[in-house]
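Got chain A; can you put chain B on it based on the hints?
So the sequences go chain by chain: A and B. Counting from 1, one number per residue, gives the positions in the first sequence under our numbering. Counting from 1, one number per residue, gives the positions in the second sequence under our numbering.
Mixed in with the good hints there might be a few duds.
Take a look, some chain B residues computed to stay more than 10 Å from chain A by CB distance [unchecked claim]: (1) R45; (2) N53; (3) P54; (4) L75; (5) V83; (6) N91; (7) R99; (8) E157; (9) V162; (10) S173.
Calculated lysine to any residue pairs in the SDA-like style (CA-CA distance at most 25 Å, straight line) [to be verified]: (11) A:K40 <-> B:L75; (12) A:K40 <-> B:A30; (13) A:K40 <-> B:R96; (14) B:K146 <-> B:T74; (15) B:K97 <-> B:R148; (16) A:K40 <-> B:L152; (17) A:K40 <-> B:R82; (18) B:K97 <-> B:R181; (19) A:K40 <-> B:G169; (20) B:K97 <-> B:A34; (21) B:K97 <-> A:A41; (22) A:K40 <-> B:L137; (23) B:K97 <-> B:L152; (24) B:K146 <-> B:A127; (25) A:K40 <-> B:T74; (26) B:K146 <-> B:H132; (27) A:K40 <-> B:G41; (28) B:K146 <-> B:Q38; (29) B:K146 <-> B:A128; (30) A:K40 <-> B:P54; (31) A:K40 <-> B:R67; (32) B:K146 <-> B:A125; (33) A:K40 <-> B:E22; (34) B:K97 <-> B:W84; (35) B:K146 <-> A:S17; (36) B:K146 <-> B:F156; (37) A:K40 <-> B:K146.
By construction, these hints were calculated from the structure, which means they are not laboratory data. Beta carbons are placed, not taken as given, at the ideal position from N, Cα and C, and that holds for glycine.
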Amino acid sequence: MNSNPHNAMNSDSGVNSSEDTLRLIAGLPAPAGLEERVHKALRAAPRNARVLAWPARFRAKTVMESNWMRAAAAAAIVFVVVGGGWGVYSRVQPGQAGKVIVMPQPMPSSGGFAGAGAIRTPETLPGPKIRKQGSEGTRDQETQPTKKPAAPKKIGSTQPATSRHGASQAAPQPAVTQ
Amino acid sequence: MSTSQAIYAGWMDIPTSAVNEEARQRAEDAAISALVDQYAGALYRVAYSVLRNPSDAEDAVQEAFLRVLRHRHTLTEVRDHRVWLIRIVWNIVLDRKRRVKTRPETDDVAELARVLPSTGLSAEALAAAAQHHARVLACVEQLPTKEREVLLLSAFEELSSVEIAAVLGITESSVRSRLFRARNLMAGLLDHERSLR
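So here's chain A without its partners, still in its complex pose:
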């Protein structure tokens, strides 16, 4: 540890002297009468450090009687516990079938009746429709049902079927009303 041998020697001597001191203290004799005092303290100490002790009346009995008492007390405790358990078990009936209770539907938070999913659509008045001349025939063909009333045949009629049909359909047009 120390590079200087003189210091090392000093250190060793210091350590030795310190160990001598500790040995001196460790070798000190015990005070006279220590054993007697310890014996006295042990005699004065309670023999059984228990949380619950038997009453003095029972403690004065012989060991055999106390053993009988212990056995009887243990049997009584077992009897009470088992009897209590059996009493509870015998009184418990098998449960009946549970009644079905229909829970009411939760009301909407705003109160009143629920709408049941209905959607209100406002009524609108039929307004005038503007027909386009070019695309009217094809649109009507697409929207017309498959069964059509037979149109009266006119000889020499040059009006196309679409225009005839469109004329019969367009009742609210101003031309018809005039």
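Just chain B, lined up with the frame of chain A:
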């Protein structure tokens, strides 16, 4: 033996076991008395080396034997009673020292001069020796706890390193390494203290 016979034998054993109980209690008392006679002095020295107060050391010894009395049923399971007792008193004195740690550690030189042997020493030499011992003990107090404990126990010649390990609950190699560190630290502390003078 049938089951009923075994039950009857168990009931018939009650008086016998009661007698055995009484005899066992007497044997335990005798064993504890023998332990007191044999080891009270050694336990006192262990306690005094830590506490350095005669009345506190005696209290610690009494408390150790009271603990033995409380756990007297386990006496038969103990292999080495000496190490077991030293371990008990060691824990007691460490606990006491921890509790009174707030008080300043003072090694009374006059008390040391009174306690330590003074055969063939003049009054001046005795005072100088007491001062030296007080300085050494003050240096011991400055050591870390682990090293100090090993150094204190190593001063007891009747304790081997294996027994010190058993008392402290560590391995023997740990005892040796701690003792080596303690000696080095003590050398440094004593050098430092000498240079200050």
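Hints and how they fare:
For R45 of chain B, the non-interface assignment is contradicted: its Cβ lies about 6 Å from the closest Cβ of chain A, within the 10 Å cut-off. For N53 of chain B, the non-interface assignment is confirmed: its Cβ lies about 12 Å from the closest Cβ of chain A, beyond the 10 Å cut-off. P54 of chain B, annotated as away from the interface, has a beta carbon of chain A within 10 Å; the closest lies near 6 Å. No beta-carbon of chain A comes within 10 Å of the beta-carbon of L75 of chain B; the shortest separation is about 14 Å.
The claim that V83 of chain B is not at the interface with chain A holds, since no C-beta of that chain comes within 10 Å of its own (minimum 16 Å). The Cβ of N91 of chain B lies farther than 10 Å from every Cβ of chain A, with a closest approach of about 18 Å, so its non-interface assignment holds. The Cβ of R99 of chain B sits about 21 Å from the closest Cβ of chain A, beyond the 10 Å cut-off, so the non-interface label holds. With a minimum CB-CB distance of about 7 Å to chain A, E157 of chain B fails to clear the 10 Å threshold, and the non-interface call is violated.
Even its closest Cβ contact with chain A, about 18 Å, leaves V162 of chain B beyond 10 Å, as expected for a residue assigned away from the interface. For S173 of chain B, the shortest C-beta to C-beta distance to chain A comes to about 20 Å, beyond the 10 Å cut-off, and the non-interface label holds. A distance of roughly 20 Å separates the Cα atoms of K40 of chain A and L75 of chain B; the hinted pair therefore holds under the 25 Å criterion. Distance check on the hinted pair: K40 of chain A and A30 of chain B sit about 14 Å apart at the alpha-carbon level, within 25 Å; holds.
Proximity of K40 of chain A to R96 of chain B is assessed by CA-CA distance (about 23 Å); at most 25 Å being required, the pair is judged to hold. This hinted pair does not check out: K146 of chain B and T74 of chain B have alpha carbons roughly 29 Å apart, beyond 25 Å. Proximity of K97 of chain B to R148 of chain B is assessed by CA-CA distance (about 13 Å); at most 25 Å being required, the pair is judged to hold. Taking the CA atoms of K40 of chain A and L152 of chain B, the gap is near 30 Å; set against the 25 Å cutoff, the hint is violated.
A threshold of 25 Å between alpha carbons decides the hint, and for K40 of chain A with R82 of chain B the separation of about 21 Å falls inside it, so the pair holds. For a cut-off of 25 Å, the pair hint linking K97 of chain B to R181 of chain B stands: about 23 Å separates their Cα positions. A C-alpha spacing of about 32 Å is found between K40 of chain A and G169 of chain B, which places the hinted pair above 25 Å, so the restraint is violated. A C-alpha spacing of about 28 Å is found between K97 of chain B and A34 of chain B, which places the hinted pair above 25 Å, so the restraint is violated.
The straight-line distance between the Cα atoms of K97 of chain B and A41 of chain A is roughly 22 Å, inside the 25 Å bound, and the hint therefore holds. For the given pair, K40 of chain A sits about 34 Å from L137 of chain B by alpha-carbon distance, which is inconsistent with the 25 Å threshold. Restraint check: the Cα-Cα separation between K97 of chain B and L152 of chain B comes to about 14 Å, which is no more than 25 Å; the hinted pair holds. Restraint check for K146 of chain B and A127 of chain B: the C-alpha separation of about 31 Å exceeds 25 Å, so the hint is violated.
Straight-line distance between C-alpha atoms of K40 of chain A and T74 of chain B comes to about 22 Å, which keeps the hinted pair within the 25 Å bound. Straight-line distance between C-alpha atoms of K146 of chain B and H132 of chain B comes to about 24 Å, which keeps the hinted pair within the 25 Å bound. With a C-alpha separation of about 16 Å, the suggested pair K40 of chain A and G41 of chain B falls inside the 25 Å cut-off, and the hint holds. Distance check on the hinted pair: K146 of chain B and Q38 of chain B sit about 29 Å apart at the alpha-carbon level, beyond 25 Å; violated.
Using a Cα cut-off of 25 Å, the hinted pair K146 of chain B and A128 of chain B is violated, with the two alpha carbons roughly 30 Å apart. Distance hint between K40 of chain A and P54 of chain B is fulfilled; the C-alpha atoms sit about 18 Å from each other, no more than 25 Å. A hinted pair counts as satisfied when its Cα atoms are at most 25 Å apart, and K40 of chain A with R67 of chain B qualifies at roughly 15 Å. About 33 Å separates the Cα atoms of K146 of chain B and A125 of chain B, which puts this hinted pair outside 25 Å; it is violated.
Using a Cα cut-off of 25 Å, the hinted pair K40 of chain A and E22 of chain B holds, with the two alpha carbons roughly 21 Å apart. The straight-line distance between the Cα atoms of K97 of chain B and W84 of chain B is roughly 20 Å, inside the 25 Å bound, and the hint therefore holds. For the given pair, K146 of chain B sits about 21 Å from S17 of chain A by alpha-carbon distance, which is consistent with the 25 Å threshold. Distance restraint check for K146 of chain B and F156 of chain B: the Cα-Cα separation of roughly 17 Å lies within the 25 Å cut-off, and the hinted pair is therefore satisfied.
A C-alpha spacing of about 35 Å is found between K40 of chain A and K146 of chain B, which places the hinted pair above 25 Å, so the restraint is violated.
Figure legend: structure checked against the earlier numbered hints; hints not met, in rising order: 1, 3, 8, 14, 16, 19, 20, 22, 24, 28, 29, 32, 37.
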